[in-house]
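For the record, the sequence lines run as chains H and L. Going by this note's numbering, the first residue of the first sequence is number 8, and it counts up by one from there. Going by this note's numbering, the first residue of the second sequence is number 144, and it counts up by one from there.
Simulated from the structure, these hints should not be mistaken for laboratory data. Please note that the accuracy of each hint is not assured.
Now the stretches of chain H that chain L is said to cover, found in silico as 3 or more residues with beta-carbon under 8 Å [stated by the list, open to error]:
| no. | stretch |
| --- | --- |
| 1 | 67-79 |
| 2 | 114-121 |
Lysine-lysine pairs mimicking DSSO-like chemistry, simulated, CA-CA at most 27 Å apart [as the list claims (entries may be wrong)]:
| no. | chain 1 | residue 1 | chain 2 | residue 2 |
| --- | --- | --- | --- | --- |
| 3 | H | K34 | H | K58 |
| 4 | H | K69 | H | K58 |
| 5 | L | K247 | H | K78 |
| 6 | H | K69 | L | K247 |
| 7 | L | K211 | L | K144 |
| 8 | H | K78 | L | K211 |
| 9 | H | K69 | H | K34 |
| 10 | L | K144 | H | K51 |
| 11 | H | K34 | H | K78 |
| 12 | L | K247 | L | K211 |
| 13 | H | K34 | L | K185 |
| 14 | L | K144 | H | K34 |
| 15 | L | K144 | L | K247 |
| 16 | H | K51 | H | K69 |
| 17 | H | K69 | L | K211 |
| 18 | L | K247 | L | K185 |
Each residue gets a CB set at the ideal place from its N, CA and C atoms; glycine is no exception.
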Amino acid sequence: NAGVMQNPRHLVRRRGQEARLRCSPMKGHSHVYWYRQLPEEGLKFMVYLQKENIIDESGMPKERFSAEFPKEGPSILRIQQVVRGDSAAYFCASQVGGRTQETQYFGPGTRLLVL
Amino acid sequence: KQEVTQIPAALSVPEGENLVLNCSFTDSAIYNLQWFRQDPGKGLTSLLLIQSSQREQTSGRLNASLDKSSGRSTLYIAASQPGDSATYLCASATGANSKLTFGKGITLSVRP
């Protein structure tokens with residue numbers, strides 16, 4: 008059973024471009040969380056999704072950021088018109104059923120660098 | 144709003160020492176508390192998960208305790224080894240959605 012997969016592992020974008028980050032949860036997991044780790048900061052929750060539903064997006068910036076988890080395929084975190092402040096490591100985590108008794112399993116992260 | 148604090152930010156110990164990593168949180172209404180390990184440039188590996196109804200969990204040389212009333216958790220590492228060198232993060236789950244609030248981590252260096 009493969010772990011949580013994220014790609015690309017490293018992404019370089021120029022200011023104003025779009026960044027698309029992909030996360031494939033563990034097999035059998037239908038809940039995905041996205042977190043962002045800014046330099047010298049702890050991980051911060053961004054968004055929580057189930058298949059075809061955004062459950063909680065309270066941690067996501069209101070503009071330029073969007074997330075989806077379609078019925079088929081990976082979860083996508085999309086950042087439009089990137090700025091230097093978006094440079095960070097973006098981690099996704101998956102969970103079987105979203106219950107508090109369950110561990111979240113993290114992917115290796117995508118490290119975004121905005122030039 | 145939950146705040147999780149880990150002090151100190153960095154720790155260096157000689158190999159073989161038993162050590163305790165501390166974590167404090169402001170909102171005691173947590174569902175669980177988790178400890179993770181993060182190696183440089185890598186993702187997070189879950190070490191231990193303590194449910195709110197539990198006091199401690201053990202895995203090998205690791206033991207984590209939880210005291211909700213005082214808002215504290217500790218991770219005890221017995222007989223530390225150089226391979227234990229990493230950043231250790233604690234995170235609490237509050238709210239039914241299980242989203243995690245993380246501390247900034249403690250970077251541990253175990254000297255041979």
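Consistency of the hints with the structure:
1. Counting residues of the stretch 67-79 of chain H whose beta carbon lies closer than 8 Å to any beta carbon of chain L gives 0, which falls below the threshold of three, so the coverage claim is violated.
2. Beta-carbon proximity to chain L at under 8 Å applies to 4 residues in the stretch 114-121 of chain H; the threshold of 3 is reached and the given coverage holds.
3. Distance restraint check for H/K34 and H/K58: the Cα-Cα separation of roughly 13 Å lies within the 27 Å cut-off, and the hinted pair is therefore satisfied.
4. Of the supplied pair hints, the one linking H/K69 and H/K58 holds, its CA atoms being roughly 21 Å apart against a limit of 27 Å.
5. Distance check on the hinted pair: L/K247 and H/K78 sit about 34 Å apart at the alpha-carbon level, beyond 27 Å; violated.
6. Of the supplied pair hints, the one linking H/K69 and L/K247 holds, its CA atoms being roughly 24 Å apart against a limit of 27 Å.
7. A C-alpha spacing of about 16 Å is found between L/K211 and L/K144, which places the hinted pair at or below 27 Å, so the restraint holds.
8. Pair hint H/K78 plus L/K211 does not hold up; C-alpha atoms about 39 Å apart against a cutoff of 27 Å.
9. Under the criterion of a C-alpha separation no larger than 27 Å, the hint pairing H/K69 with H/K34 is inconsistent with the structure, at around 31 Å.
10. Of the supplied pair hints, the one linking L/K144 and H/K51 holds, its CA atoms being roughly 13 Å apart against a limit of 27 Å.
11. Note on H/K34 and H/K78: the hinted pairing holds, with a Cα-Cα distance of about 14 Å set against a maximum of 27 Å.
12. Between L/K247 and L/K211 the CA atoms are separated by roughly 20 Å; this keeps the pair inside 27 Å, and the hint holds.
13. Note on H/K34 and L/K185: the hinted pairing holds, with a Cα-Cα distance of about 21 Å set against a maximum of 27 Å.
14. Annotation: proposed proximity of L/K144 to H/K34 is violated, straight-line Cα distance about 33 Å (limit 27 Å).
15. Simply put, L/K144 and L/K247 have alpha-carbon atoms about 16 Å apart, close enough for the 27 Å limit, and the pair holds.
16. Distance check on the hinted pair: H/K51 and H/K69 sit about 15 Å apart at the alpha-carbon level, within 27 Å; holds.
17. For the proposed pair H/K69 and L/K211, the alpha carbon gap of about 33 Å is over 27 Å, so the pair is violated.
18. For the suggested pair L/K247 and L/K185, the alpha carbons sit about 16 Å apart, so the restraint of at most 27 Å is met.
Taken one by one, the earlier hints fail for this structure at numbers 1, 5, 8, 9, 14, 17, listed in ascending order.
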